[in-house]
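Colleague: Listed here are the chains, written in short residue letters.
Number of protein chains: 2
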Amino acid sequence: MKLEFDYSYMMAESVGREQGTSDAELASEVTRCQDIHARIKTRREQGELPFFDLPFAAAEVDEILHLADKVRQRFDDVVVLGIGGSALGTKAVMSALRPSWHNLVSPGDRNGLPRLFVLDNVDPDYVADHFELLNPERTCFLVISKSGSTVETASQFLVARDWLNANSCLNYREHFILITDPEHGLLRELAEREGIESCAIPAGVGGRFSVFTPVSLLPLACAGVDIVSLLKGAAAMAPQVCHDDLMTNPAYLNAVLQYLAYQKGARISVMMPYSNRLFGVADWFRQLWAESLGKKYALDGSVCHVGPTPINALGTTDQHSQVQLYMEGPFDKLVMFLAVGCFDQDFTMQSYPDMPALQYLEGHSMAELINAERRATATALARNQRPNLTLTLPDVSAASVGALLYWLQVQTLFAGYLFDVDPLDQPGVEEGKTLTYALMGREGFSEKRDEFEQLQAEVPRRVLSVDSVST
Amino acid sequence: MKLEFDYSYMMAESVGREQGTSDAELASEVTRCQDIHARIKTRREQGELPFFDLPFAAAEVDEILHLADKVRQRFDDVVVLGIGGSALGTKAVMSALRPSWHNLVSPGDRNGLPRLFVLDNVDPDYVADHFELLNPERTCFLVISKSGSTVETASQFLVARDWLNANSCLNYREHFILITDPEHGLLRELAEREGIESCAIPAGVGGRFSVFTPVSLLPLACAGVDIVSLLKGAAAMAPQVCHDDLMTNPAYLNAVLQYLAYQKGARISVMMPYSNRLFGVADWFRQLWAESLGKKYALDGSVCHVGPTPINALGTTDQHSQVQLYMEGPFDKLVMFLAVGCFDQDFTMQSYPDMPALQYLEGHSMAELINAERRATATALARNQRPNLTLTLPDVSAASVGALLYWLQVQTLFAGYLFDVDPLDQPGVEEGKTLTYALMGREGFSEKRDEFEQLQAEVPRRVLSVDSVST
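Just so you know, the sequences run in chain order A and B.
For the first sequence, the residue numbers in this note's numbering are 1 to 471.
For the second sequence, the residue numbers in this note's numbering are 1 to 471.
Source of the hints: derived by calculation from the structure; they are not laboratory data.
Just so you know, not all the hints are guaranteed correct.
Pairs involving identical chains hold if they fit within one copy or between any two copies, as the list cannot separate such chains.
Below, a list of computed lysine-lysine pairs in the DSS-like style, where the Cα atoms sit at most 30 Å apart [unchecked claim]:
id	residue 1	residue 2
1	K296	K264
2	K296	K433
3	K448	K41
4	K448	K296
5	K41	K433
6	K70	K41
7	K296	K2
8	K433	K264
9	K70	K2
10	K70	K296
11	K91	K2
12	K70	K433
13	K91	K448
14	K433	K91
15	K70	K264
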């Protein structure tokens, strides 16, 4: 089985010299890539990049499988309380590898596996909708936060605890598993003082690089995803994206192509799977790419305000929504298609022989159609000087998805160094956090609160009020 | 009840003169806006913009309600076969106004209302997943295409017809309702020759402006959405967004603010609801904004390659994914927040009095938290010279959502003229369509097929093949 990485339409010979990349430009990055590779290798050897080695931790997988087994025996519903990196990997793999009806059928029809919900927001309507659906006696919450202090997760935990207490005389502690830092933070403290079961996130693995830790593996295993094959696929990909030959390392090559296109004005990077099952992967990648590369400061401390804006689109669906813009709008995008070589299921179309506008579909399969539309779109984009590339998975299997996720993580880390920023931090979200603490009246943040109010007073308010009817 | 439109953080006094708009800039658009308003008024009077009047068509609503009633009595599941404008409005309103558990509970728990699925792709796995879930005897397909020739919808129709035929001896015709042009096109022809029930899309209403036609109203009514209140909300909004005083018309003002920001480099327009229920509205708007404004040609025929790129994000969720980039990356974005004044449900948090890192949440509600996070994010963005604005709905009711959708449609049409393009066409998708026909072997497209093959032959193939494991 092969993954294919086709970058024909990224090149100047296809899309022109203004938007396209030349061989000379690629060649000029070869030495820098070797240098970056060496830096990554050093950091890895110093234990600073443990995410590289996660697919090889077989002993931990046994523990996860064992814990998942316990959860499955006891509960009908598993609810992840987590946000960002604590939610996106789980959602991506779940929607790739379990049928879209997983949560909709009776327990018998999903082989007794629990339903899986990922509660990744503090919208009270959304949370309440979930509680209406769930039976507290049969619900297990996986509370996931590396630091333990994520306010959304803390809030969900408090509300879920109340809900369990209010709905029965059960011991709420038995309905939680806390997935957090092995030693530090609020959730670890809670696990110890309350005697709640817990599971450790390996030290040094940041949220957006945690898909191969218990953060995602435990909920996925609970829901019946084959995490062993997922990791096997990732492990098989590892040697192919961890060497320094740019022209044969697809992760490095993709990063360089995206970096060079960015320099030419492609500030927007669309990931567009032609597969509903892979749409979640695009959403997961959206965090990885944005949060790793979108930075104010370069590595030397100078101000750079850099970073491509990732967009997730879905083929064919977004041909009827976004492709008009991609085809005709500003030259500020590149599109990365995800294609599927072999779908699990297919349909052969039988048409009306006497209706010419339908007859051409006769005998063709739906898989042929979706792939023809993808090729047509890629080619039309190229003819309009819009750079694009296509990554084809042989199938949407656990191994293929694991391989893809591993590749994209390595690509992102490498791209960080190309863009000359730290791909592992996210300093830009701190101000919003402290302002939230201030607005919620957290102790120690009253100065910040004053600052906020002063700002509000200084800025003239521009507000239009518009009448509407009530229902 | 009031909708509030707060654009304080769009202005130069908040975000600086480079990114922000000055009063003088706004004032300089006043006359042009009056001119555009007059042009729209003329076109409207000539019957060229019927979407403006859709909320006032009470008689047609009665027909829709009657038909929905028939569907509900006969079927347990309603499946929309449609894509783009035939799907997005339905998905947006459904997710706004029906609980997220609608499709997950037993018929009794949703008052006997049918489940609603929107099949907006030709991914065979995705389609097969749906068929596995559905009982053919109790399933009604709404086949929606204005032109009738949308290949994805045609393909779905053929496959659904086979599925019905294969699964029982029922008369498949009774399981379809075709929603299409009143006179022309393939679906109209099918309705007549097969004697399939049909429903007309008013002439002159394009896909992305069709949310207030049977395209969305019929499936929504089937699923129990109060379409009368939806239209009432839209009708109440109409006079407030159909007058030429820029500074008090929120639709025009929003269009102008977005247009001016685009000129200053904000090529990306993020819509970020702090409400899961409104996330679908952002996805619907994404089509409206991209397809209406993303154009190669200006109205005078000159080449312009213009168009903001819309992005849908979700608060608070995307604070943990995209906000790092929005805060620190390039100055190429504006953010439009959607806020909810009053959620339907809420939770008061009870914390641990002796844990300072949690204690500050005590007594606060979850609604307070999500709104504090939104205000914190908006303020932090402004302090980093990132323009943003906030549209607050009083609640997520049918009337409020109707009002919002009406507003955004008027805003988009108006913005088309600001950007000097035709907001109602989408010529850029034609090439992809004809190439698809060519690849699928449709009669009359063999030249296009030759063209495709020649292009493939001319462009050197750049493909990396990467080993992976099979599961």
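Colleague: Compare the structure with each hint and give your call.
Modeller: Status of each hint after checking the structure:
1. K296 / K264: both (20 Å within a copy, 19 Å between copies)
2. K296 / K433: within (18 Å within a copy, 41 Å between copies)
3. K448 / K41: neither (41 Å within a copy, 49 Å between copies)
4. K448 / K296: For K448 and K296, only the intra-copy Cα distance (22 Å) is at most 30 Å; the inter-copy one is 47 Å.
5. K41 / K433: neither (34 Å within a copy, 47 Å between copies)
6. K70 / K41: neither (39 Å within a copy, 66 Å between copies)
7. K296 / K2: neither (38 Å within a copy, 38 Å between copies)
8. K433 / K264: Between. Shortest inter-copy distance 29 Å satisfies the 30 Å Cα cut-off; intra-copy 35 Å does not.
9. K70 / K2: Cα proximity of K70 and K2: none, with 36 Å in one copy and 51 Å across.
10. K70 / K296: neither (46 Å within a copy, 58 Å between copies)
11. K91 / K2: within (25 Å within a copy, 36 Å between copies)
12. K70 / K433: neither (36 Å within a copy, 52 Å between copies)
13. K91 / K448: Neither, since 35 Å and 40 Å both go past 30 Å.
14. K433 / K91: within (24 Å within a copy, 32 Å between copies)
15. K70 / K264: neither (53 Å within a copy, 57 Å between copies)
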